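Asker: Sequence:
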Amino acid sequence: YDDLGLPCDLLRGIRGYGSERPTDIQRRGIVSLLKGLDTILIAEPDVERSKIFCISTLQFIDMNIKESQVLIVSPTQYNAYDIYKQIKV
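For the sequence shown, the residue numbers in this note's numbering are 18 to 106.
The set of hints was computed from the structure by calculation and includes no laboratory data.
Quick caveat, the model's predicted, so the values are computed rather than measured.
Please note that a few of the clues may not be correct.
[Stated by the list, open to error] Below 30 Å or equal to it, Euclidean Cα-Cα: the simulated DSBU-like pairs (lysine-lysine) are:
hint, residue 1, residue 2
1, Lys52, Lys105
2, Lys83, Lys102
3, Lys102, Lys52
4, Lys83, Lys52
5, Lys105, Lys83
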């Protein structure tokens, strides 16, 4: 994750969550989303895919703004809750 240009606080959180290196699809997704590109990734629904959304989203959130800043659309309630739990950590 070090070479993705993420802030130190975010890197610390990623490592605290137990991730050391991104998978190939995570790397492609995070790089694309951080460039502001519309991104379509095809992957099995799992925690690894959810990390792409969480890491990319957290990069852009301003913690001083209390209003909604991001909308992540999820195909299932379970998947939405999984993403929510990861972002809350």
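Asker: The structure should be examined with respect to each hint, and the outcome stated for every one.
Answerer: Here's how the hints hold up against the structure:
Restraint check: the Cα-Cα separation between Lys52 and Lys105 comes to about 24 Å, which is no more than 30 Å; the hinted pair holds. Taking the CA atoms of Lys83 and Lys102, the gap is about 18 Å. The hint holds against a cut of 30 Å. Using a Cα cut-off of 30 Å, the hinted pair Lys102 and Lys52 holds, with the two alpha carbons roughly 25 Å apart. Proximity of Lys83 to Lys52 is assessed by CA-CA distance (about 24 Å); at most 30 Å being required, the pair is judged to hold.
Annotation: proposed proximity of Lys105 to Lys83 holds, straight-line Cα distance about 14 Å (limit 30 Å).
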